[in-house]
Amino acid sequence: MSTVTTEIAAGFDVERIREDFPVLKQTIHGKPLVYLDNAATAQKPYAVIEAIRKFHEVDCANIHRGVHELSQRSTAAYEGTRAKMKRFLNARSKSELIFVRGTTEGINLVASSWGHKNVREGDEIIISAMEHHSNIVPWQMVCEATGAKLRVIPINDRGELILEEYARLLNPRTKMVAVTHVSNALGTINPVAEIIAMAHRAGALALIDGAQAAPHLKVDVQALDADFYALSGHKMVGPTGIGILYGKSKLLNAMPPYQGGGDMIKTVTFEKTTYADLPYKFEAGTPNIAGGIGLGAAVDYLSHIGLDRIAAYEHELLVYGTQALEQIPGLRMIGTAREKAAVLSFVIEGIHPHDIGTVLDRMGIAVRTGHHCAQPVMDRFGVPATTRASLAFYNTVQEIDALAAGLRKVKEVFA
Amino acid sequence: MVDDLYQETILDHSKHPRNCHVLGGANHQAEGYNPLCGDKLKLYLRMKDDVVEDASFVGSGCAISTASASLMTESLKGLKRDEALKLLERFHDLLTTDSPVTQELGKLVVFCGVRDYPARVKCATLAWHTLKSALENKEEPVTTE
Numbered sequence: 171m172s173t174v175t176t177e178i179a180a181g182f183d184v185e186r187i188r189e190d191f192p193v194l195k196q197t198i199h200g201k202p203l204v205y206l207d208n209a210a211t212a213q214k215p216y217a218v219i220e221a222i223r224k225f226h227e228v229d230c231a232n233i234h235r236g237v238h239e240l241s242q243r244s245t246a247a248y249e250g251t252r253a254k255m256k257r258f259l260n261a262r263s264k265s266e267l268i269f270v271r272g273t274t275e276g277i278n279l280v281a282s283s284w285g286h287k288n289v290r291e292g293d294e295i296i297i298s299a300m301e302h303h304s305n306i307v308p309w310q311m312v313c314e315a316t317g318a319k320l321r322v323i324p325i326n327d328r329g330e331l332i333l334e335e336y337a338r339l340l341n342p343r344t345k346m347v348a349v350t351h352v353s354n355a356l357g358t359i360n361p362v363a364e365i366i367a368m369a370h371r372a373g374a375l376a377l378i379d380g381a382q383a384a385p386h387l388k389v390d391v392q393a394l395d396a397d398f399y400a401l402s403g404h405k406m407v408g409p410t411g412i413g414i415l416y417g418k419s420k421l422l423n424a425m426p427p428y429q430g431g432g433d434m435i436k437t438v439t440f441e442k443t444t445y446a447d448l449p450y451k452f453e454a455g456t457p458n459i460a461g462g463i464g465l466g467a468a469v470d471y472l473s474h475i476g477l478d479r480i481a482a483y484e485h486e487l488l489v490y491g492t493q494a495l496e497q498i499p500g501l502r503m504i505g506t507a508r509e510k511a512a513v514l515s516f517v518i519e520g521i522h523p524h525d526i527g528t529v530l531d532r533m534g535i536a537v538r539t540g541h542h543c544a545q546p547v548m549d550r551f552g553v554p555a556t557t558r559a560s561l562a563f564y565n566t567v568q569e570i571d572a573l574a575a576g577l578r579k580v581k582e583v584f585a
Numbered sequence: 004m005v006d007d008l009y010q011e012t013i014l015d016h017s018k019h020p021r022n023c024h025v026l027g028g029a030n031h032q033a034e035g036y037n038p039l040c041g042d043k044l045k046l047y048l049r050m051k052d053d054v055v056e057d058a059s060f061v062g063s064g065c066a067i068s069t070a071s072a073s074l075m076t077e078s079l080k081g082l083k084r085d086e087a088l089k090l091l092e093r094f095h096d097l098l099t100t101d102s103p104v105t106q107e108l109g110k111l112v113v114f115c116g117v118r119d120y121p122a123r124v125k126c127a128t129l130a131w132h133t134l135k136s137a138l139e140n141k142e143e144p145v146t147t148e
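Here the protein sequences come in this chain order: C and W. Residue numbering for the first sequence follows our numbering, starting at 171 and increasing by one per position. Residue numbering for the second sequence follows our numbering, starting at 4 and increasing by one per position.
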């Protein structure tokens, strides 16, 4: 690790930060909770909980409609999040940010709206072997409906994309390249700027699944030159049921609406409806207002700490955790990319991940076990499932020690 | 700590599963799959005059699902079809209700701890879902979902 990283992480007061997360102050089966399932969902700080409570207690009204005070307050708070997300992602304009339920809906929106308008029989869509099911299935559906072909960038034994193979897959028929920024199952951080540039040179668009990146890395959609970037609020200490799809205005403007209904129109008659401008064209119906406001608080919270500091501290945890786990006999890491987020996915010889997960749970340690919605990744490494400890900036080295001790206990039980 | 779930018998059967092989002369078989954890199991039965003469399985799974398949194949031998189905019902009740533990279950009572681990019930029932399918001679793999 570089000295710079160590220096940034040095001033990181994790104990102070943990005070912000009420859920962490409990015991599970008599042991202090050790929450290591952050790639599934992150815990919420008081700031987010309070923002949602304040909306329901003080400001509750529907948005974009009423002239009354409450509606103006709720609209301001909800649209305030859009402005915060513009800064957070460095988008050109607020109108390029569409509120969705989460990454899955963001990808489905593009696949459905852009895909069905632009993809034809014989076209090709490229994804990668490390995608979450949410960045596989929507594209399979587009292919099935249009007769296009799905091509897959393979990964090496470390769990890194093989870019030479990707270059060979690109051709004039390629219409879209949809890859993840950070793998949920392996932790791999992909060189997405390069991947996008290669797609553009081939005349294709690029969509980035940012669900696992947005909570851990600084994301700049203009620097990446991403055409679409999707993320989920709940992975970045915000509430569930809210997320953001970023899209370049030019592309979003040319796309048909995803759903019809209120709020996405200018005028409606039985003969003809004219659609609203961006971003509202893609936001039919009353949205998750409370969620949107909570997401704004989450982004404020993360920005206040600073994504650079979060990334540096989490990298220290990753290095420490990798060393601690690799000392356990029979443990094999799945995902050893050189550029990696703080995800420790592993198998232990002769012990099924579900048994590991149950024993750890009894020690208060929450990990994810299973295929992590990435069955092709499991197939690639020849395992049915893994155990995954995914870390966040409120985790500590003591918690990693607890995990290592827990795994030694697991080995005793099933020895 | 987890002794209530991983009782000695369960650990023993998970490490040394009984009847874990392909069965020659099997006339009923079925596949079971738990998509949540990737557990897969193939069950073989040799039935004669409506009685389970022999039973075996192959597959990969967690300690609970392996021990369950192992103990199930032991319990089935010599049972008539409707007795086997009745045992399946009793076993399901053991895992999913607060019903008192009955004698009929024999060794299978070691799974009584599973009811306190709702996330693991499907591990224990995979073999039994597959049994039902085998008795009905279904072609499609049965899943727990």
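Simulated from the structure, these hints should not be mistaken for lab results. All C-beta atoms, glycine included, are put in the ideal place defined by N, C-alpha and C. Any given hint could be a false lead.
Pairs of lysine-lysine residues, derived as DSSO-like cross-links and limited to a Cα-Cα distance of at most 30 Å, are as follows [stated by the list, open to error]: (1) C:579 / W:18; (2) W:18 / C:581; (3) C:224 / C:264; (4) W:80 / C:581; (5) C:254 / C:418; (6) C:442 / C:420; (7) C:388 / C:254; (8) W:80 / W:51; (9) C:442 / C:224; (10) W:110 / C:581; (11) W:43 / C:581; (12) W:43 / W:135; (13) C:418 / C:388; (14) W:89 / W:110; (15) C:436 / C:254; (16) W:43 / W:83; (17) W:43 / C:579; (18) C:254 / C:264; (19) C:264 / C:287; (20) W:83 / W:135; (21) W:110 / C:579; (22) C:418 / C:442; (23) W:18 / C:201; (24) W:43 / W:89.
Far from chain W, by Cβ distances over 10 Å, these chain C residues were calculated [stated by the list, open to error]: (25) 188; (26) 217; (27) 241; (28) 395; (29) 522.
Against the structure, the hints:
1. C:579 / W:18: 17 Å, holds
2. W:18 / C:581: 13 Å, holds
3. C:224 / C:264: 24 Å, holds
4. W:80 / C:581: 33 Å, violated
5. C:254 / C:418: 17 Å, holds
6. C:442 / C:420: 24 Å, holds
7. C:388 / C:254: 14 Å, holds
8. W:80 / W:51: 11 Å, holds
9. C:442 / C:224: 40 Å, violated
10. W:110 / C:581: Holds: residue 110 of chain W and residue 581 of chain C sit about 26 Å apart, inside 30 Å.
11. W:43 / C:581: 23 Å, holds
12. W:43 / W:135: Judged against 30 Å, a Cα distance of about 16 Å means the pair holds.
13. C:418 / C:388: Roughly 19 Å between the alpha carbons, so the hint for residue 418 of chain C and residue 388 of chain C holds.
14. W:89 / W:110: Roughly 16 Å between the alpha carbons, so the hint for residue 89 of chain W and residue 110 of chain W holds.
15. C:436 / C:254: 26 Å, holds
16. W:43 / W:83: 26 Å, holds
17. W:43 / C:579: 27 Å, holds
18. C:254 / C:264: 9 Å, holds
19. C:264 / C:287: 24 Å, holds
20. W:83 / W:135: 13 Å, holds
21. W:110 / C:579: 27 Å, holds
22. C:418 / C:442: 27 Å, holds
23. W:18 / C:201: 29 Å, holds
24. W:43 / W:89: Measuring from Cα to Cα gives roughly 24 Å; hence the hint holds.
25. 188: 25 Å, holds
26. 217: 31 Å, holds
27. 241: 43 Å, holds
28. 395: Holds, since 38 Å exceeds 10 Å.
29. 522: Non-interface label on residue 522 of chain C violated, nearest chain W Cβ at 4 Å vs cutoff 10 Å.
Hint compliance for this structure: hints 4, 9 and 29 are broken, all remaining hints hold.
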